[in-house]
Every structure is written in C-alpha cells, then in structure tokens.
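Here the protein sequences line up with chains U and E, keeping their order. Number 187 in the numbering used here belongs to position 187 of the first sequence; there are no gaps in the numbering. Number 193 in the numbering used here belongs to position 193 of the second sequence; there are no gaps in the numbering.
If you are wondering where the hints come from, they were derived from the structure by calculation, not from laboratory data. From a predicted model like this one, the values you see are computed outputs, not experimental measurements. Check each hint, because a few of them may be wrong.
Which stretches of chain E does chain U cover? Using the computed rule of at least three CB atoms under 8 Å from a CB of chain U, they are [claimed, not checked]:
hint : region
1    : 161 to 167
2    : 175 to 181
3    : 251 to 258
If you want the ones that stay clear, here's a sample from chain E, every Cβ over 12 Å from chain U, calculated [what the hints assert, rightly or not]:
hint : residue
4    : 21
5    : 31
6    : 51
7    : 53
8    : 56
9    : 73
10   : 81
11   : 100
12   : 116
13   : 121
14   : 139
15   : 154
16   : 155
17   : 156
18   : 232
19   : 236
All C-beta atoms in this analysis are idealised placements derived from N, C-alpha and C, irrespective of residue type, glycine included.
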Amino acid sequence: MKVQFTDVSMRFGAMEVLQHITLGVEEGEFCCIVGPSGCGKSTLLNIAGGFLAPASGSVTIDGEPVTAPDRRRIFVFQERGVFPWLTVEGNIGFGLFDMPDDERRQRVTQYIELVGLKGFEKSYPRELSGGMKQRVEVARALAVNPDVLFLDEPFGALDSITRLQMRSELLRIWRAEKKTVLFVTHDIEESVQLADRVVVMSARPGHIRRVVEIDIAHPRDLSSRRYIELRDLIFGEIGLAHQV
Amino acid sequence: MTALLLLSRPNVSRSRLLPLTGILVALVAWQIAVSMRPGLIPGPIVVGRAIGELAVRGLLLKYVVASLFRVTWGYLAALVIAIPLGLALGMMKLGEMAINPILQVLRPISPLAWIPIAILWFGVGDISAIFLIFLASLLPLTVATMNAVHNIDPVHLAAARNFDIPLRARMTDVLIPAILPQLIVAMRIALGVAWLVVVAAEMIAVNSGLGFLIVDARNAGDRYDLVIAGMVLIGVIGVVLDLLMRRLERLDSVRWGYAAE
Numbered sequence: 001m002k003v004q005f006t007d008v009s010m011r012f013g014a015m016e017v018l019q020h021i022t023l024g025v026e027e028g029e030f031c032c033i034v035g036p037s038g039c040g041k042s043t044l045l046n047i048a049g050g051f052l053a054p055a056s057g058s059v060t061i062d063g064e065p066v067t068a069p070d071r072r073r074i075f076v077f078q079e080r081g082v083f084p085w086l087t088v089e090g091n092i093g094f095g096l097f098d099m100p101d102d103e104r105r106q107r108v109t110q111y112i113e114l115v116g117l118k119g120f121e122k123s124y125p126r127e128l129s130g131g132m133k134q135r136v137e138v139a140r141a142l143a144v145n146p147d148v149l150f151l152d153e154p155f156g157a158l159d160s161i162t163r164l165q166m167r168s169e170l171l172r173i174w175r176a177e178k179k180t181v182l183f184v185t186h187d188i189e190e191s192v193q194l195a196d197r198v199v200v201m202s203a204r205p206g207h208i209r210r211v212v213e214i215d216i217a218h219p220r221d222l223s224s225r226r227y228i229e230l231r232d233l234i235f236g237e238i239g240l241a242h243q244v
Numbered sequence: 001m002t003a004l005l006l007l008s009r010p011n012v013s014r015s016r017l018l019p020l021t022g023i024l025v026a027l028v029a030w031q032i033a034v035s036m037r038p039g040l041i042p043g044p045i046v047v048g049r050a051i052g053e054l055a056v057r058g059l060l061l062k063y064v065v066a067s068l069f070r071v072t073w074g075y076l077a078a079l080v081i082a083i084p085l086g087l088a089l090g091m092m093k094l095g096e097m098a099i100n101p102i103l104q105v106l107r108p109i110s111p112l113a114w115i116p117i118a119i120l121w122f123g124v125g126d127i128s129a130i131f132l133i134f135l136a137s138l139l140p141l142t143v144a145t146m147n148a149v150h151n152i153d154p155v156h157l158a159a160a161r162n163f164d165i166p167l168r169a170r171m172t173d174v175l176i177p178a179i180l181p182q183l184i185v186a187m188r189i190a191l192g193v194a195w196l197v198v199v200a201a202e203m204i205a206v207n208s209g210l211g212f213l214i215v216d217a218r219n220a221g222d223r224y225d226l227v228i229a230g231m232v233l234i235g236v237i238g239v240v241l242d243l244l245m246r247r248l249e250r251l252d253s254v255r256w257g258y259a260a261e
C-alpha cells in the first residue's frame with residue numbers, strides 16, 4: 001500500500017471528529033473521499049499530509065510513519081494557496097529552490113505547458129481567473145515531482161463549467177504523471193467522475209461507511225447506466241434521495 | 001465605447017483640476033481675510049516673499065536639508081530595529097506575550113514627553129532630535145510588523161512548510177513578501193509621524209531646521225511671515241514624502257495586498 005491509514009481517530013477538544021479510519025490507497029490510485037460537510041474528511045487529509053497528528057492510530061506512506069509535511073507529498077488547497085506576490089513562473093518554481101537555474105527554468109516551462117498557461121508566465125495571480133490560479137497551484141505541486149498529491153476540495157470555489165474543465169484536465173495530468181491522488185470533495189458527482197475508488201464517510205464523528213469501486217473506464221460517459229447506478233448508490237449511502 | 005470615453009475623460013482632468021482649484025480658492029480666501037482684518041496673520045503674498053527671502057539668504061535649502069537629515073537617520077534607525085523585532089515577536093507567541101504589554105503602555109506616550117529624557121541622555125543637539133524621531137517611528141512600526149505577521153494567510157505558511165524550503169528562503173520568499181503590503185502602509189504612517197516630531201523636536205533642541213525657523217522667527221523680532229513660511233514648507237514637504245511612499249504601494253509584488261484598483 002502506498003498510503004495506509006490504520007485505526008485513525010481524531011478529536012478537537014471534546015469533539016470527536018474521526019473514528020477508527022482504516023484505509024489503504026494503492027500506488028497510482030485516484031481515491032476520492034466524500035462525505036457531508038464537517039465529517040472530518042479534510043482533517044483526515046491534513047493528517048495524511050503531516051499537518052495534524054492523529055489522536056490515535058497511524059498513517060504510513062511507503063511503510064514510513066507520517067510525522068510532518070514532506071515535499072514528496074504535496075497538499076493542494078483551493079486556489080488561494082498560490083502566492084499572490086509571485087508571478088506564475090515564480091509560483092511554479094517555488095519548490096525548486098535547490099535546482100540549478102537552467103534546469104529549474106526548464107522544469108517551470110514544462111509544467112506551465114502541462115497546465116496550459118503558456119503566455120501567462122509573467123502574470124500575477126490577481127490577473128488570473130479562479131481556474132487559472134488553480135492550475136498554477138497544481139503545477140506548483142507537480143513541479144517538485146511528488147509521489148502523492150492531496151487535494152482538498154480544490155475546485156470548490158470554481159463555477160460549474162470551469163469545474164468540469166478542471167476535472168478533465170486533472171485526469172489528463174494524472175494519467176500523464178502517474179501520481180497517487182487523495183481527493184477530498186463533498187460533490188458526489190465529482191467523485192464518481194474522477195475516482196478509481198470512492199470512500200464514503202458518515203456525518204461527524206466521521207467513519208467510513210463504504211468504499212465504492214468505480215469500474216468505468218475513462219473517459220466516462222456521464223449518462224451511462226453504470227455511472228448513474230454508482231452515483232445513486234453513493235447518494236443512497238449518504239442518506240440522500242436523488243431528487244430536488 | 002465612445003460614450004464611455006466621453007464620460008470618463010472629463011473625470012480624469014477633473015481629478016487633477018479640482019485639487020488645484022481647492023488650493024487656489026483657499027489662497028484667495030486667505031488673502032481676502034487678511035485684507036479685511038490686517039494683523040490677523042500675514043497673507044499669502046507676504047509669506048511667498050518670506051520664502052523667497054529664505055532662499056536668497058541660503059537658509060531655505062539649509063533648513064530643509066537639516067530637517068530631512070534628522071528624519072532620515074531617526075526613521076532609518078527605527079526601521080532597522082522595528083522590522084526584525086516585529087517579525088520575531090510576530091513569530092514567537094511567548095515573546096509577544098511578554099513584550100506586547102510594554103509596547104501597549106509605551107504607545108500612548110507622546111514622543112514629545114521624551115524630550116527631557118532625550119536631553120538628559122544626549123544633551124541639546126542633533127542626537128536628541130534624532131532620538132525623538134527614532135522613538136516616534138519605532139513603536140508603530142514594531143506593532144504593525146507584528147500584526148502583519150499575524151495576518152499572514154495560514155495557507156501560505158502551510159504551503160511553505162510543505163515544500164520544505166530553507167529558513168532563509170522562507171523569510172525572503174514568504175514571510176517578508178506576505179507582510180510587505182501592510183508594512184508599506186505602516187512605513188508611510190510612521191514617516192508622517194516622524195515628520196511631525198522633527199519639527200517639534202527642533203523647536204527645543206537645535207539651531208537649524210524648519211522647527212527652529214518657526215521658533216526663531218518669533219523670538220527674533222516677531223517675523224510672523226517667516227513663521228507661516230515655515231508652516232507652509234513643513235506641509236508641502238510632508239505631502240511630498242507621503243506621495244513618495246505611496247509609490248511603493250504600486251510595486252507589482254505588493255499590489256495584491258490592497259483593494260482592487
């Protein structure tokens with residue numbers, strides 16, 4: 001297992017947030033964690049990223065216990081994680097401080113192209129749209145060549161059209177770069193569109209209700225019977241009738 | 001589009017013309033008031049002549065430079081100490097808890113209250129004046145730097161931690177640029193305070209500068225035209241200093257920190 005959660009529990013003061021989470025994520029897997037807001041899914045991701053220590057239980061990556069953040073596993077926030085005082089170039093090269101200049105420049109160019117921001121190298125984040133800022137942040141994460149990406153509702157602040165585009169972009173990049181991805185979202189549709197497996201969590205205190213394998217090949221047909229079946233299965237698992 | 005241009009063009013020239021008109025109207029009102037009640041204060045024309053006289057006697061440049069010299073040294077010394085101190089206090093909760101109460105008690109004390117102590121320590125002269133300016137800028141700069149550190153978006157600090165960049169780069173690439181927009185505003189305000197204080201300090205402790213000019217002109221023969229000339233020069237130079245500091249706010253790497261233009 002690439003990432004292994006073993007009996008992870010978490011509390012903030014008297015409030016129990018996570019209960020007995022045991023979950024293994026395989027190398028190269030795209031794993032989505034969905035659940036109602038406040039269920040502790042972000043907390044779980046922060047524990048895996050080394051930003052929080054669990055109250056009990058452990059997380060290992062490649063068999064090593066996680067104790068602190070590490071540049072081999074990069075956390076992607078909503079687009080506000082980009083540094084507003086750096087240009088697109090500066091942001092993407094941020095983690096490459098130990099690289100010789102020309103190699104660094106080459107790497108930055110490569111990732112600017114990968115996320116489709118050619119021509120915006122010298123732009124500042126305030127001149128970019130939300131979707132473009134999110135691309136910068138993904139490129140900044142990928143540029144240091146991490147083996148795990150943690151994404152915490154990365155597209156939550158984007159409009160629905162941009163969100164759809166960003167999902168297919170992310171899938172394209174994931175296939176090209178072969179990273180292990182843990183992706184937290186409260187959007188069930190999003191999880192079924194992206195993931196190899198969807199981890200469905202309960203309301204707080206969060207525990208795993210069910211893990212759903214999404215056995216549909218990419219690109220996924222969002223009106224196919226299997227897609228709808230799996231989506232409704234997850235809706236049901238969370239306790240929502242799929243109607244408005 | 002054309003309609004928009006037509007609408008916006010008068011606004012541009014208006015934004016330049018109106019301030020000038022305001023100044024002109026004030027000058028005219030001043031002249032009228034003075035001619036109606038002579039002896040109130042000297043009028044603008046007399047004051048203009050007094051400034052000319054200062055220039056001819058070589059005092060204009062000498063006094064302006066003397067005041068700016070004191071401000072420069074006091075203010076720079078305050079920057080050199082306040083910024084590292086504010087950064088350190090902002091990053092260390094314990095240090096801040098220990099030192100913040102002292103800062104808060106010192107803050108409401110006017111820098112002018114320190115004049116006797118300045119004279120006790122440094123005698124009558126330049127050093128005392130510089131010390132007062134230093135004190136006046138030090139506290140607001142320290143407190144502002146500390147608060148700016150507290151206001152850094154935790155997401156940016158988390159990202160810096162995640163990429164595990166070395167401590168030095170964490171300072172130069174994250175901490176300092178993150179506080180810079182707020183710091184520039186604080187620097188601008190502190191420079192304004194320093195300029196206020198230099199004039200007051202020169203009224204007591206030295207024999208050159210614009211503050212000295214005001215006191216000296218009154219003592220040496222009730223030259224109220226020179227008194228007001230001094231006041232006008234102080235005001236104009238204050239505005240120029242502020243405009244220069246404002247230019248810093250337009251640097252590309254800090255513009256994110258201010259409301260959208």
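Now for the hints, and whether the structure bears them out:
1. Residue count for the region 161 to 167 of chain E with a Cβ under 8 Å from a Cβ of chain U: 6. That meets the three needed, and the coverage hint holds.
2. A count of 3 residues in the region 175 to 181 of chain E with a Cβ less than 8 Å from any Cβ of chain U is obtained; the coverage claim is therefore met, three being the minimum.
3. Given as covered by chain U, the region 251 to 258 of chain E passes the check, having 6 residues with a CB less than 8 Å from a CB of that chain where 3 are the minimum.
4. Distance to chain U confirms residue 21 of chain E as a non-interface residue, since its nearest Cβ pair spans about 35 Å, more than 12 Å.
5. Every Cβ of chain U is farther than 12 Å from the Cβ of residue 31 of chain E; the closest lies at roughly 48 Å, confirming the non-interface assignment.
6. With 12 Å as the threshold on Cβ separation, the claim that residue 51 of chain E sits away from chain U holds: the shortest Cβ distance comes to roughly 43 Å.
7. For residue 53 of chain E, the shortest C-beta to C-beta distance to chain U comes to about 49 Å, beyond the 12 Å cut-off, and the non-interface label holds.
8. Taking the minimum C-beta to C-beta distance to chain U, about 49 Å, the non-interface status of residue 56 of chain E holds against the 12 Å cut.
9. Distance check on residue 73 of chain E: its Cβ is at least 30 Å (rounded) from any Cβ of chain U, clearing the 12 Å threshold; non-interface status holds.
10. Listed as a non-interface residue, residue 81 of chain E keeps its Cβ farther than 12 Å from every Cβ of chain U; the least gap is roughly 24 Å.
11. At roughly 26 Å from the closest C-beta of chain U, the C-beta of residue 100 of chain E stays outside 12 Å, upholding its exclusion from the interface.
12. No beta-carbon of chain U comes within 12 Å of the beta-carbon of residue 116 of chain E; the shortest separation is about 44 Å.
13. At the 12 Å boundary, the C-beta of residue 121 of chain E stays outside the reach of chain U, the nearest C-beta of that chain being 41 Å off.
14. Distance check on residue 139 of chain E: its Cβ is at least 27 Å (rounded) from any Cβ of chain U, clearing the 12 Å threshold; non-interface status holds.
15. With a closest Cβ-Cβ approach of about 10 Å to chain U, residue 154 of chain E is found to fall inside the 12 Å limit, against its non-interface label.
16. Its closest Cβ contact with chain U, about 5 Å, brings residue 155 of chain E to no more than 12 Å, contrary to its assignment away from the interface.
17. Not every CB of chain U lies more than 12 Å from the CB of residue 156 of chain E, the least distance being 6 Å, so the non-interface label is violated.
18. No Cβ of chain U approaches the Cβ of residue 232 of chain E within 12 Å, the least distance being about 39 Å, so the stated non-interface status holds.
19. Chain U leaves residue 236 of chain E outside its interface by the beta-carbon criterion, the shortest separation being 34 Å against a cut-off of 12 Å.
The structure fails hints 15, 16, 17 (numbered hints given earlier, in ascending order).
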